Amino acid sequence: MGEAKPKLAVWKFASCDGCQLSLLDCEDELLPLAGEIEIAYFLEARRATVEGPYDLSLVEGSITTPHDAERIRQVRESSRRLVTIGACATAGGIQALRNFADVDEFVSAVYATPAYISTLETSTPISAHVPVDFELQGCPINKRQLLEVISAYLHERRPQIPGHSVCVECKRRGNVCVMVAHGTPCMGPVTHAGCGAICPSYNRGCYGCFGPMESPDTESLSRWWKRLGVSDEQLVRAFRGFHAWAEPFRSESEAHERD
Amino acid sequence: MSATDAERTRTIRTDYLARVEGEGALHVRIRGRDVLEARLEIFEPPRFFEAFLRGRSFEEVTDITARICGICPVAYQMSSARAIEDAFGVEVDGPVRDLRRLIYCGEWIESHTLHVFMLHAPDFLGYESAIAMAQDHPQVVELGLALKKAGNELIALVGGREVHPVNVRVGGFHRAPTKRELAPLREKLARARDAAREAVAWTGKLPFPDFERDVELVSLSEPGEYPIDRGRVVSSRGLDIAPREFSEAVEEEHVEHSNALYARIRGRGSYLAGPLARYNLNFERLSAPAQEAARAAGLGPECRNPFQSIVVRAVEVLYAFDEAVRLIDAYEPPDPPAFPLEPRAGTGHGWTEAPRGMLYHSYSLDEAGRILQAKIVPPTSQNQKSIEEDLFGLVSGMIDAPEDELQLRCEQAIRNYDPCISCATHFLQLNVERE
Numbered sequence: 001m002g003e004a005k006p007k008l009a010v011w012k013f014a015s016c017d018g019c020q021l022s023l024l025d026c027e028d029e030l031l032p033l034a035g036e037i038e039i040a041y042f043l044e045a046r047r048a049t050v051e052g053p054y055d056l057s058l059v060e061g062s063i064t065t066p067h068d069a070e071r072i073r074q075v076r077e078s079s080r081r082l083v084t085i086g087a088c089a090t091a092g093g094i095q096a097l098r099n100f101a102d103v104d105e106f107v108s109a110v111y112a113t114p115a116y117i118s119t120l121e122t123s124t125p126i127s128a129h130v131p132v133d134f135e136l137q138g139c140p141i142n143k144r145q146l147l148e149v150i151s152a153y154l155h156e157r158r159p160q161i162p163g164h165s166v167c168v169e170c171k172r173r174g175n176v177c178v179m180v181a182h183g184t185p186c187m188g189p190v191t192h193a194g195c196g197a198i199c200p201s202y203n204r205g206c207y208g209c210f211g212p213m214e215s216p217d218t219e220s221l222s223r224w225w226k227r228l229g230v231s232d233e234q235l236v237r238a239f240r241g242f243h244a245w246a247e248p249f250r251s252e253s254e255a256h257e258r259d
Numbered sequence: 001m002s003a004t005d006a007e008r009t010r011t012i013r014t015d016y017l018a019r020v021e022g023e024g025a026l027h028v029r030i031r032g033r034d035v036l037e038a039r040l041e042i043f044e045p046p047r048f049f050e051a052f053l054r055g056r057s058f059e060e061v062t063d064i065t066a067r068i069c070g071i072c073p074v075a076y077q078m079s080s081a082r083a084i085e086d087a088f089g090v091e092v093d094g095p096v097r098d099l100r101r102l103i104y105c106g107e108w109i110e111s112h113t114l115h116v117f118m119l120h121a122p123d124f125l126g127y128e129s130a131i132a133m134a135q136d137h138p139q140v141v142e143l144g145l146a147l148k149k150a151g152n153e154l155i156a157l158v159g160g161r162e163v164h165p166v167n168v169r170v171g172g173f174h175r176a177p178t179k180r181e182l183a184p185l186r187e188k189l190a191r192a193r194d195a196a197r198e199a200v201a202w203t204g205k206l207p208f209p210d211f212e213r214d215v216e217l218v219s220l221s222e223p224g225e226y227p228i229d230r231g232r233v234v235s236s237r238g239l240d241i242a243p244r245e246f247s248e249a250v251e252e253e254h255v256e257h258s259n260a261l262y263a264r265i266r267g268r269g270s271y272l273a274g275p276l277a278r279y280n281l282n283f284e285r286l287s288a289p290a291q292e293a294a295r296a297a298g299l300g301p302e303c304r305n306p307f308q309s310i311v312v313r314a315v316e317v318l319y320a321f322d323e324a325v326r327l328i329d330a331y332e333p334p335d336p337p338a339f340p341l342e343p344r345a346g347t348g349h350g351w352t353e354a355p356r357g358m359l360y361h362s363y364s365l366d367e368a369g370r371i372l373q374a375k376i377v378p379p380t381s382q383n384q385k386s387i388e389e390d391l392f393g394l395v396s397g398m399i400d401a402p403e404d405e406l407q408l409r410c411e412q413a414i415r416n417y418d419p420c421i422s423c424a425t426h427f428l429q430l431n432v433e434r435e
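Protein sequences appear in the order of chains A and B.
Going by our numbering, the letters in the first sequence line up with residues 1 to 259, in that order.
Going by our numbering, the letters in the second sequence line up with residues 1 to 435, in that order.
In isolation and in its complexed conformation, chain A is listed as follows (with noise of 0.2 Å):
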């Protein structure tokens, strides 16, 4: 027998597994790596699982009830590495749109029964409850950065996941600025990069699904949407998104609902 096979398992929390997909999707990758690791958790694929503890976990989803912030805890407690995957587990995801109202009327708004319902009154990232080793941003993750994670972690070392913006990937890809050009909103000077700049290659701007690059200028992006017409209560909703919580974001978006 030869050395035992480094331990991986995926963890859900409150999401639409579309990252976790993401790897699923790797579909060149997917057996070659089941070669090398053990999937020893990962419900989504299968149905047996090994017991921890585990070399590496992904976490998946944004901590949203009382159960969940618990075991959140076991989760960190079995994992020698923990990397959140994706917005809902680094910025709390778009549930945390509840985080800026009343989950009260949440519930009623959408079950009959408010009663039955067992919700905390936010959603928060994981690093809110746990250590975590790394964040990878994006809703949904790239699954290229994926294999890079998880092929960093299992060989000791830090992953190459560069944080600057999305204007970079635009001029690399060759694209024209659509806010220059065209006179269209973009996130983009203020993202973290990842996606490729997709929305500008298919003529829009980007929506900002990436989240906060290191160190954002968000107030000069404002600025300059603002000279283009756009009103506080559209800059209010463009931070406001899939990482709304994530704390540049937020404040930016709390300045304008101030104004």
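Keep in mind the hints are simulated off the structure, nothing from the lab.
Note that the structure is a prediction, hence the values are computed from the model and not measured.
Built from N, CA and C at the ideal position, the CB exists for glycine as well.
A portion of the hints provided could be inaccurate.
[What the hints assert, rightly or not] Just so you have them, the derived chain A footprint on chain B, three or more residues with Cβ under 8 Å:
1. 52 to 59
2. 132 to 144
3. 264 to 278
We have chain A already, so just place chain B on it with the hints.
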């Protein structure tokens, strides 16, 4: 059997059901030889989409509703676009509509092949996962992955990426792909049809339990085409309605054990949406090769065994490849790529066929096009009651089976529906409780 056996109540549990999309539980209670209760518990935490959509602009809706489900985002985008267009009095037609149908074909292929090969097939052959199945049947799993990849490439080309495509908008698309971009894809899709035919034949040979249930089948219906993106809703028992009539025909109930809402046809009860319903109500609208492949795999125009839904999904995959090739051959890039929209106050309704069944959306908007109210009825909550009835019937028919066999069969029966629990809120965990 002794008196104590006859009175003994038992429970079988699977706390988290695997190979489904989302989190839930099934709870079956048995006393002696009687099934007392078969309950599907959806405990995926609610995310409140219908609440936070209020106040958003209609232009943001397709980006937001996509996030309800990572596996069928196109279905969410399309149903919400249709509903909002209905509110604005616009019918998207011609090449823009064809392009919608094209990307939707990609989603059917991607979602169905994921389910057929990765989630469902292992049940039939006694494996815990497709990864384990690949040890003994590598060529089957590779076939499935190759088909899935072709579906994903179609979505990525038309939509920008596989999960949560960015190119879809209310009214149409941000950019129409060029003929040149589509040409190489057309060749891949055309070649994949042979593999898709092989997949139908392979699923036809799987061992199916003898199980049928007389349930009302519900799907979209549009003259001259297999239903994907528009039509009326019809049923095997005479339902025939337009989208605005949905709330009169179908009622939703909130029950304690589920974070999804139960749907049923008023005055009648449960119904089944999804591939089996589409197939039975629209067999003659499938492409000729799809019909032929179905017959060769042993399916007639009628199929009432939910376990054979795996064959029907494979048939629909073949159809989706045929349809995608047909659409690309006839393609002229629409210019502009989206219909112009004039927001106005009002309410609109729309539905399309998500891979796992009919998906209904309705929105009320103000004069600026802001959402005042949203209502979304996903296929899994429509099927929840039917799933429970299948389980009830199934367990009743094999009451003497050992617990682990019962448990596996129940899980398989749930997977027959390809339930999407993050859609329905998210479900799945199986407890069979014997008292």
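Hint by hint, here is what the structure shows:
Only when three residues or more bring their CB closer than 8 Å to a CB of chain A does the claim for the stretch 52 to 59 of chain B stand; here the count is 4, and the claim holds. Check result for the stretch 132 to 144 of chain B against chain A: holds, 5 residues qualifying (beta carbon to beta carbon below 8 Å, three or more required). Given as covered by chain A, the stretch 264 to 278 of chain B fails the check, having 0 residues with a CB less than 8 Å from a CB of that chain where 3 are the minimum.
In the structure shown, a violation is registered for the earlier hint numbered 3 alone.
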